[in-house]
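> Here's the letter readout for the chains.
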Amino acid sequence: NAGVTQTPKFQVLKTGQSMTLQCAQDMNHNSMYWYRQDPGMGLRLIYYSASEGTTDKGEVPNGYNVSRLNKREFSLRLESAAPSQTSVYFCASSDGQGARETQYFGPGTRLLVL
Amino acid sequence: AQSVTQLDSQVPVFEEAPVELRCNYSSSVSVYLFWYVQYPNQGLQLLLKYLSGSTLVKGINGFEAEFNKSQTSFHLRKPSVHISDTAEYFCAVNYGGSQGNLIFGKGTKLSVKP
Chain A
1 NAGVTQTPKF
11 QVLKTGQSMT
21 LQCAQDMNHN
31 SMYWYRQDPG
41 MGLRLIYYSA
51 SEGTTDKGEV
61 PNGYNVSRLN
71 KREFSLRLES
81 AAPSQTSVYF
91 CASSDGQGAR
101 ETQYFGPGTR
111 LLVL
Chain B
1001 AQSVTQLDSQ
1011 VPVFEEAPVE
1021 LRCNYSSSVS
1031 VYLFWYVQYP
1041 NQGLQLLLKY
1051 LSGSTLVKGI
1061 NGFEAEFNKS
1071 QTSFHLRKPS
1081 VHISDTAEYF
1091 CAVNYGGSQG
1101 NLIFGKGTKL
1111 SVKP
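Protein chains in written order, with this note's numbering: chain A, 1 to 114; chain B, 1001 to 1114.
Careful, some of the hints might be misleading.
BS3-like, lysine-lysine: derived pairs with alpha carbons at most 25 Å apart [unchecked claim]:
1. B:1058 / B:1069
2. A:9 / B:1109
3. B:1113 / B:1069
4. B:1049 / B:1069
5. A:14 / A:71
6. B:1049 / B:1106
7. B:1109 / A:57
8. B:1106 / B:1058
9. B:1106 / A:9
Since the hints were derived computationally from the structure, they do not count as laboratory data.
For reference, chain A alone in the conformation it holds in the complex (with noise of 0.2 Å):
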C-alpha cells in the first residue's frame, strides 16, 4: 500500500517552459487536493476535486490547469512556468468525509523555475 505518491521528485524549469506534476492514491479515495507550501507560508490549497470528473479552483489556482484523469491519478500542469511558481508542491487524498475528512499527504515535488 503505498498511499499518496507524485512524481517528479524535484525538477528544474526554465521560464515559461511547461511540466506536468503527476500524483496517484491507491486508497480508493474520492478526494484528491493539489497544494503549494512557500516557506512561512503553510499550505495554500491550488485546485482539489472532490470525485472524478469534478474539480474546482482553491486559494491559488491562477498558473495552474488540473487534471482528474480516474479515480486514482490528478494531475497539475503549469502551462507556462514562472519564478513565482518556484514551491514545494504536494497532492493529497482524503476519505470524503467533508469537513471531517482526514487527508493523506505524499512525499511532494520540488520545482525550482529559473
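Following the hints, position chain B against chain A.
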C-alpha cells in the same frame, strides 16, 4: 475572515523537556481541528484530530491536544520530547461546509536539542 494562527514560528527546546505548540482559530459555530507533522524533506502526516466529543485528544508519538472553545484554541503538547520530534508542525482547521475548506496555519518549527 476564517484564519488559523500559530503563535510561534520556531520553538527550541532541550531533549526530555515539555513542549506546547500554540494554535488559535477564528471563532465559528462548528470547527474540525487537525495537527499535522512534517519531518525534513517529507510530506505531512496526521498527528491527531478533533471532530467531536472529549476535548482532550491523544495522537501518535505521545502528543496530545486540547480543544478549548471559549479560547478558540487547540494547543499541542508533549510532556517529554525526543530528538526525533524535530520537525515542523501545522495546525489546520476546517470550518465546515463544503470540501476544499481546510485552512492551514503557517507552521511551527520544533527544534529539539540534546
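> Does each hint hold? Answer for all of them.
Hint by hint, here is what the structure shows:
A hinted pair counts as satisfied when its Cα atoms are at most 25 Å apart, and residue 1058 of chain B with residue 1069 of chain B qualifies at roughly 17 Å. Distance restraint check for residue 9 of chain A and residue 1109 of chain B: the Cα-Cα separation of roughly 23 Å lies within the 25 Å cut-off, and the hinted pair is therefore satisfied. A distance of roughly 33 Å separates the Cα atoms of residue 1113 of chain B and residue 1069 of chain B; the hinted pair therefore is violated under the 25 Å criterion. With a C-alpha separation of about 15 Å, the suggested pairing of residue 1049 of chain B with residue 1069 of chain B holds against the 25 Å cut-off.
Between residue 14 of chain A and residue 71 of chain A, the direct Cα distance comes to roughly 32 Å. Violation of the 25 Å bound is thereby established for this hinted pair. For the suggested pair residue 1049 of chain B and residue 1106 of chain B, the alpha carbons sit about 18 Å apart, so the restraint of at most 25 Å is met. For a cut-off of 25 Å, the pair hint linking residue 1109 of chain B to residue 57 of chain A is broken: about 29 Å separates their Cα positions. A C-alpha spacing of about 22 Å is found between residue 1106 of chain B and residue 1058 of chain B, which places the hinted pair at or below 25 Å, so the restraint holds.
The suggested pairing of residue 1106 of chain B with residue 9 of chain A holds, with an alpha-carbon distance near 23 Å, which does not exceed 25 Å.
Going through the hint list in order, the structure does not satisfy hints 3, 5, 7.
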